[in-house]
Amino acid sequence: MALPPPDPQFVLRGTSAAVHALHFSCGSQEPDVPILFSGSENGFIHVWNLKTHRVDTALDGHGRKSVYCVETMDGKDRLLSQGRDQRICLWDLAEGRTALTDSVFTENVGFCRCSLLKVAQGRWLMAMAAKALEEVQVLELPSKTSVCTLKPEVGAKLGMPMCLKLWQLNCGSRPLLLAGYEDGSVVLWNLSMGRALSQLVCHQEPVMSLDFDSEKAKGISGSSEKVLSIWSLNEQQNLQVYKTHELVNAGISGITIRPDKKILATAGWDHRIRIFGWKKMKPLAVLDYHTATVHCVSFSDHKNPSERLLAAGSKDHRISIWSIYTQT
Amino acid sequence: VCFIPGGLDCSISFVSHVLGKVCVHGRQKEMLSVLVPRLTDLTKSDCIWQRICWRLVECVPDRWMEAVVLGFVQRAPGAAVLSRLLGNLVVKNKKAQFVVTQKVLLLQYGHTTAVLQNLLGYLSLDSLRRALLIKVLKELLETWGSSSAVKHSPPEQQQYISKAILICLSHLKEPEIESCRQELLTSMMEGVKCHLDSSLPQIRRLGMIVAESISSKINTDGPVLKFQYEEDDEARELKSLLVQTPPFCVVPSLPDDDRNGKADAALPLVLESNKKSHTAAPVMPDEKSDAELDSDDDLIPYDMSEDKELKTKAPVYIRDCIEVLTGSEDVDKWEATVKALESLVRKNPAATREVSVELAKVLLHLEEKTCIEGFVELRQRAQVAVLTTDPIPVIKYLTSQFYSLNYSLCQRVLVLAAQELSYPKSHGKTKHSGAQKPCIQLLPGSDSSKDWRRIVDERIKSKTRRFATGQSQVELASGPNEFNSVAGHFFFPLIQHFDRPLTTFDLLGEDHFVLGRLVHTLAVLMYLAVNTVAVTAMGRALLEFVSALRFHTDSYVRQGLLSCISSMLLSVPAERLLEDMTEELLETQSWLGDVVEKDPDGDCRRLALQNLLLMENLKKKLKTVPS
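So the protein sequences, as listed, match chains A and B. All residue numbers for the first sequence refer to the numbering used here, where the first residue is 103 and numbers rise by one. All residue numbers for the second sequence refer to the numbering used here, where the first residue is 1182 and numbers rise by one.
Simulated from the structure, these hints should not be mistaken for lab results. Treat the hints with caution; some may be incorrect.
[Claimed, not checked] Once the Cα atoms are required to be at most 30 Å apart in a straight line, the calculated DSSO-like pairs of lysine-lysine come out as:
id: 1; chain 1: B; residue 1: Lys1802; chain 2: A; residue 2: Lys320
id: 2; chain 1: B; residue 1: Lys1542; chain 2: B; residue 2: Lys1528
id: 3; chain 1: B; residue 1: Lys1489; chain 2: A; residue 2: Lys382
id: 4; chain 1: A; residue 1: Lys417; chain 2: A; residue 2: Lys318
id: 5; chain 1: B; residue 1: Lys1528; chain 2: A; residue 2: Lys167
id: 6; chain 1: A; residue 1: Lys328; chain 2: B; residue 2: Lys1520
id: 7; chain 1: B; residue 1: Lys1407; chain 2: B; residue 2: Lys1420
id: 8; chain 1: B; residue 1: Lys1284; chain 2: B; residue 2: Lys1225
id: 9; chain 1: A; residue 1: Lys153; chain 2: A; residue 2: Lys405
id: 10; chain 1: B; residue 1: Lys1202; chain 2: A; residue 2: Lys328
id: 11; chain 1: A; residue 1: Lys345; chain 2: A; residue 2: Lys384
id: 12; chain 1: A; residue 1: Lys381; chain 2: B; residue 2: Lys1489
id: 13; chain 1: B; residue 1: Lys1528; chain 2: A; residue 2: Lys417
id: 14; chain 1: B; residue 1: Lys1202; chain 2: B; residue 2: Lys1284
id: 15; chain 1: B; residue 1: Lys1520; chain 2: A; residue 2: Lys417
id: 16; chain 1: A; residue 1: Lys405; chain 2: A; residue 2: Lys328
id: 17; chain 1: A; residue 1: Lys384; chain 2: B; residue 2: Lys1802
id: 18; chain 1: A; residue 1: Lys417; chain 2: B; residue 2: Lys1489
id: 19; chain 1: B; residue 1: Lys1489; chain 2: A; residue 2: Lys364
id: 20; chain 1: B; residue 1: Lys1420; chain 2: B; residue 2: Lys1520
id: 21; chain 1: B; residue 1: Lys1779; chain 2: B; residue 2: Lys1802
id: 22; chain 1: A; residue 1: Lys233; chain 2: A; residue 2: Lys246
id: 23; chain 1: A; residue 1: Lys363; chain 2: B; residue 2: Lys1489
id: 24; chain 1: B; residue 1: Lys1489; chain 2: A; residue 2: Lys345
id: 25; chain 1: B; residue 1: Lys1284; chain 2: A; residue 2: Lys417
id: 26; chain 1: B; residue 1: Lys1779; chain 2: A; residue 2: Lys328
[Claimed, not checked] Partial pick of chain B residues on the chain A-facing surface, computed with a CB cut under 10 Å:
id: 27; residue: Leu1480
id: 28; residue: Pro1482
id: 29; residue: Asp1488
id: 30; residue: Glu1490
id: 31; residue: Leu1491
Think of the CB as a built atom: it goes at the ideal place given N, C-alpha and C, for glycine as much as any other residue.
Work out the full structure, taking the sequences as your base and the hints as a guide.
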């Protein structure tokens, strides 16, 4: 007899707006508290203290336009946020400061979340949708120099880039970019040469979100349809469909694989969070708490596996925090 | 009183005379309360006593026969006993026959159901008398089916006749039904038509119940007529009359089963709401080939049986709603839209204002595509929401449509209902209740004068929705009546064309149901227009309208007219009434007096009385206020 799904461990309230982005920062030692960053539609980034479950700080840097991506760079003291004001902001939060140190004007009015990858100490690569419709630009941070601009071939008709994932097999190997586009295809880009290595049509509808497991060379993408597509990368760097998984209700806003690669979580338009086993896409749980579309899901980076958490942000202004499958 | 038994051939005509005289002088109760039980006992098994009894009643002179027979019928504890006591009196004596078959059934209607049971049971118990039973049934049906009787006779009488018909039907045997099947069918069809035409729901229901019963009797195999109506105590009582077990059960089994089956079949059809069945789509993918052991097996799935498909959502934009309602083939979406429409309209007033007239049009023409529970109410509430968001253009549209061609009754009624219900919002908070309180205190504490206020309030309450219910106990804060700016727009267009007949719509002719609703709506409008600028003009126009329709034959219309008068008396300030409308008021007063005395409908009489009281109060109020 299967147990009923668990309830959230706790729920964070107080954003007063739909939550579009979440990012944990729980890796630091005591006396630092575990932190969750959330980006909301009203332009605020809230810094949640996960011990007290209250907001410690609220950052207002996007002119009250929706913040749809938050990432940390080296722990919780450096934050990157992306908003609908066409800016990517860099923040210095060390020692209680809330200083906006830098910003990048992207000139892009879309919704594509940028992707960060640390390539060396103090150096990051950031991929973001560029000004021109189908292009992706990769910048080096913090210098803000352009590394390359990835343009699809003429006539490819990929549409806007919808989601990006920078990855490298291990430290030192060349970084690659996976991009999901409006026409439903996922493209693997080689950054140094600035060209596409492989393209795979995964969906009939725009790819809303994707995530990739570089160890197993397997990725997963979700769109506005009822299907999740799992694809793999072979030795020739070619993408191929591995399998598909049919969902009960259509629409996925976010997918994320847990750092230990055991499970993954999807954020659904049907207000539900679904947990699958990554190895075989075995459905594990359906978490039904929110009363509106779930926009984002994120796993925490706790060093102690039993403390690991899953956070989901929804249009109903709430962030639910779950503790699930923490024993493995 | 005791009789001498024995083989004496005594003449008991003297006793009959005494009996008759006593009864006719009104002493039935005393005499018969002793006599009847005694005779009942004596005649139980003794044939001689039975014959003596028969002789007794047969010898009563004709002029006193009625009193005696009536007394017996009322006192006898059952049809069998009555049969023993009276024998075949009705067959032998013309006067008795007249009393039993005509007077009690058709000319009087004050007797109880038990009396009817006695009487008709008595008729059914002897083969000689059964012919009379059939005759009685035919005459009852004729009355039941006559449209003028339905229109003009009081509801109580109609109920009485319906009961009598049902009891007769319960006594009929199969061969008798066969012989008059055609006649029964014809009368039923005619009768049902007249009854359904009536504006009073009680009459309609009576017609439906009787028609159903007749139909089930004559169509023992095959489909029977079934109506849908509100089942309450009255209906149940009526239907129970059909289930009879005659005292001497020599009835063959077929009619018996018939009757029992009928008791079940006569229950109204309950409309099942459309239950959506969700299919729990299995989430498990089909790979059962988990032959390989891997660490995934540590992860035990949770129960996912609750994971079902989401119901179709309604559109979130008003324009989308209009699209779905006018064109969409997707019934799920259509249903969801209908349910969500009212709240959408209220949340988006700006967007609604852009498309208000179009939306009102769509709603007016909206037909029930699928079976939704409470469709009529949902549609009404949506219409009300549209109306209150953007009153003036929508009301212009609706009132123009009210008088146009080719609308069904429901649609016109919808127009009216929408207007009625939309007032509370625009009504806002007024000093209305405050203004009325002094009135009550001036009156002597008689029940009836408090009644009128309560009844008017209740009636208004039942038709309108109050938004500020929580505060109604406390004196409502006064503020300007927001209805002010739009009152005229609601009221005058409706009253304008009522006497202009169109090819499909004739308020003064057949469509008296709509006329009734129109009149009631005008009454509500008037009531809510208190403290508005236009109230006096409205009052005068309303009074003229009422005068034109005073002698309407439909009691529902008359009730509406009387409530118009009440509203007018309550809303128009007293000074204006007495200064500007004195003559009309006096005329109205004399009309009201007439109604109180002569109107056949009990409700009308009561309303007229309340109006007269209102007028009295008005006069008193003005007398005490120094002018």
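Each hint, compared with the structure:
| no. | hint | result |
| --- | --- | --- |
| 1 | Lys1802(B) - Lys320(A) | violated, 90 Å |
| 2 | Lys1542(B) - Lys1528(B) | holds, 20 Å |
| 3 | Lys1489(B) - Lys382(A) | holds, 22 Å |
| 4 | Lys417(A) - Lys318(A) | violated, 33 Å |
| 5 | Lys1528(B) - Lys167(A) | holds, 24 Å |
| 6 | Lys328(A) - Lys1520(B) | holds, 26 Å |
| 7 | Lys1407(B) - Lys1420(B) | holds, 13 Å |
| 8 | Lys1284(B) - Lys1225(B) | holds, 29 Å |
| 9 | Lys153(A) - Lys405(A) | holds, 16 Å |
| 10 | Lys1202(B) - Lys328(A) | violated, 95 Å |
| 11 | Lys345(A) - Lys384(A) | holds, 12 Å |
| 12 | Lys381(A) - Lys1489(B) | holds, 24 Å |
| 13 | Lys1528(B) - Lys417(A) | holds, 18 Å |
| 14 | Lys1202(B) - Lys1284(B) | holds, 20 Å |
| 15 | Lys1520(B) - Lys417(A) | holds, 23 Å |
| 16 | Lys405(A) - Lys328(A) | violated, 35 Å |
| 17 | Lys384(A) - Lys1802(B) | violated, 83 Å |
| 18 | Lys417(A) - Lys1489(B) | holds, 21 Å |
| 19 | Lys1489(B) - Lys364(A) | holds, 25 Å |
| 20 | Lys1420(B) - Lys1520(B) | violated, 37 Å |
| 21 | Lys1779(B) - Lys1802(B) | holds, 29 Å |
| 22 | Lys233(A) - Lys246(A) | holds, 16 Å |
| 23 | Lys363(A) - Lys1489(B) | holds, 27 Å |
| 24 | Lys1489(B) - Lys345(A) | holds, 23 Å |
| 25 | Lys1284(B) - Lys417(A) | violated, 77 Å |
| 26 | Lys1779(B) - Lys328(A) | violated, 74 Å |
| 27 | Leu1480 | holds, 5 Å |
| 28 | Pro1482 | holds, 5 Å |
| 29 | Asp1488 | holds, 4 Å |
| 30 | Glu1490 | holds, 6 Å |
| 31 | Leu1491 | holds, 5 Å |
The earlier numbered hints that this structure contradicts are 1, 4, 10, 16, 17, 20, 25, 26.
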